[in-house]
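Read top to bottom, the protein sequences are chains A and B.
For the first sequence, our numbering begins at 1 and goes up steadily by one.
For the second sequence, our numbering begins at 1 and goes up steadily by one.
Calculated from the structure, these hints are not laboratory results.
Ideal Cβ positions, reconstructed from N, Cα and C, are used throughout, including at glycine.
Wrong hints could be hidden among the right ones.
Unchecked claim - Only pairs whose alpha carbons sit at most 30 Å apart, straight line, appear in this in silico DSS-like list of lysine-lysine:
#, chain 1, residue 1, chain 2, residue 2
1, B, K25, A, K477
2, A, K360, A, K295
3, B, K44, A, K475
Said to hold, decoys possible - Derived coverage of chain A by chain B (criterion: at least 3 residues anywhere in the stretch with Cβ under 8 Å from a Cβ of chain B; other residues may be distant):
#, stretch
4, 215-225
5, 393-399
6, 409-421
7, 428-434
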Amino acid sequence: MAKVLILGAGISGHTAALIARRKLGKNHQIEVISPNSNYQWVPSNIWVGMGLMTPKQVKFELAPVYKKMGIAYKQAMAISIHPDGDNNIVKPYVTIEYLIGDKKDSQENIEYDYLINATGPKLNFNATEGLGPEKFTDSVCTYQHASRAWENLQKCLTKMENGEKQRLLIGTGHPLATCQGAAFEYSLNVAFEINKRKLNHLAEITWISNEYELGDFGMGRAYIKRGGYITPTKIFAESIFKEYNINWILGAGVSKIEEGIAHYETLDGEYHTKEFDFAMLIPSFAGSGMKAYSKTEEDITSTLFVPNGMMKVDADYTPKPYEEWDASDWPSVYKSPLYDNIYAAGIAFAPPHAMSKPMKSKNGTQINPTPPRTGMPSGVIGRIVAQNIADKILTGTKDHKHKASMSKMGAACIVSAGYGIRHGQAAVMTVYPIVQDWKKYPKWGRDIGYTVGEIGLAGHWMKLFMHYMFLYKAKAKPFWWMIPE
Amino acid sequence: MKTETEKTIPYSESSYATEPTRWTKFWRRSFIFQIFRFFLLNLKIMRIVVGGHS
Chain A
1 MAKVLILGAG ISGHTAALIA RRKLGKNHQI EVISPNSNYQ WVPSNIWVGM
51 GLMTPKQVKF ELAPVYKKMG IAYKQAMAIS IHPDGDNNIV KPYVTIEYLI
101 GDKKDSQENI EYDYLINATG PKLNFNATEG LGPEKFTDSV CTYQHASRAW
151 ENLQKCLTKM ENGEKQRLLI GTGHPLATCQ GAAFEYSLNV AFEINKRKLN
201 HLAEITWISN EYELGDFGMG RAYIKRGGYI TPTKIFAESI FKEYNINWIL
251 GAGVSKIEEG IAHYETLDGE YHTKEFDFAM LIPSFAGSGM KAYSKTEEDI
301 TSTLFVPNGM MKVDADYTPK PYEEWDASDW PSVYKSPLYD NIYAAGIAFA
351 PPHAMSKPMK SKNGTQINPT PPRTGMPSGV IGRIVAQNIA DKILTGTKDH
401 KHKASMSKMG AACIVSAGYG IRHGQAAVMT VYPIVQDWKK YPKWGRDIGY
451 TVGEIGLAGH WMKLFMHYMF LYKAKAKPFW WMIPE
Chain B
1 MKTETEKTIP YSESSYATEP TRWTKFWRRS FIFQIFRFFL LNLKIMRIVV
51 GGHS
């Protein structure tokens, strides 16, 4: 009997748990450790941030689903990994700390045969002074944050309805932040709501981002067929922003937030401030902060993790200039190079480098997006990691039959641009592959036949449909396994 | 939305951006046309999903 231990119950970890359970049957143990008692469908947090959905509509309790599926579950945080055991424990184990209940603050060692690190991002608000819901800005990264963002946005809308001008600042809150897509989506929804209430003349909405150009989204831009032309996403994004009356500041590294003021540096080395009445700024992401120790209790964290806490996998981490980046640098099976039984899935794995070209300001500050890992690739990675582990357990193979490199995988993103079954719209974007492969696709970096950018009511229906479909799947309802990631 | 006069400041960044025409906006919200696009876009996404990993 083998035990698969999964840290994290987000899109990647939860998918891995369900797939592993299905593949392995009852003879083998699956256990999930997560500090959250709920699963949340993160893409719909945007609508929580607009008051269009409640937190209850985007989440559900994990315990009953895991009980139904025969998956052990502990609500705790993983503190450290001991991949070789220690002087007293032969098997590898993870040390966890309970966060609630009778066992709060107590620690426990959980042994494993296979470990999947799917701990997701640490929302690194502290990397920017004054950033975050505890301080001066809002966020839509979790349903709790999004709920608070809606409360603050409502105050702004009420002031506008009383004739007071309001300045709204939306974008990225750190020079190396990622997840521009989520902030972009929120800015469009805010603009849509302001337009619906006929308050445009009282609203100044500004997009602030570390992207070199609009439409970069951390993917190094894309090209789409549109209106008889092959168009960069820069044109696509600028067009949407112009239509929605959103101004933009680009190449901006936000360095500090005070009450109502954002301080930022631009690539020309100049320092600026931007005043705001409402700000939603995405933080930089880091790994969960777990440590790792050898059998003799030596700190080996730096051998398993990169400095920001994300886990090293089968990627090429050799430092190289942008011109030498290659699609083959990206991992395909997400296994630790040091341990055959440790994997990292979703946002927890360390990318080899960015997708967007690194940019430095004249003062030497690096200001560029770091690579996004959206829901679709996160789910796919969780799936293939679970499948490969199941194959190892059931057949003894050392090979990895299932692969999912982001340089060979496509993704679809649906960017809501207004809610409403009859009058809403969303931008549907697909790219294939996610990471550009300039050797295989020398002209556009990606397969232009698979790359789509389109706005319309259909996109809104698709996002709403996916909300219900993926929550159905995550709850492991009948035939859940037929729904692809 | 603001009027075109307010938006088009010559040589401003946004003045270089394209804008959708009335017909483009019409097709974006045309119920029947968007039902067709809904199914077609879902098929395109399925192609990507199916081919995305081994």
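Each hint tested on the structure:
1. Taking the CA atoms of K25/B and K477/A, the gap is about 39 Å. The hint is violated against a cut of 30 Å.
2. For the given pair, K360/A sits about 41 Å from K295/A by alpha-carbon distance, which is inconsistent with the 30 Å threshold.
3. Distance hint between K44/B and K475/A is fulfilled; the C-alpha atoms sit about 26 Å from each other, no more than 30 Å.
4. Counting residues of the stretch 215-225 of chain A whose CB falls under 8 Å from any CB of chain B gives 0; the rule of at least 3 is not met.
5. For the stretch 393-399 of chain A, the assignment as covered by chain B is violated, since 0 residues bring a beta-carbon within under 8 Å of that chain's beta-carbons and 3 are needed.
6. Evaluation of the coverage hint for the stretch 409-421 of chain A: fulfilled, as 4 residues show C-beta separations to chain B shorter than 8 Å, against a requirement of three.
7. Evaluation of the coverage hint for the stretch 428-434 of chain A: fulfilled, as 3 residues show C-beta separations to chain B shorter than 8 Å, against a requirement of three.
Comparing the model with each earlier hint shows violations of hints 1, 2, 4 and 5; every other hint is respected.
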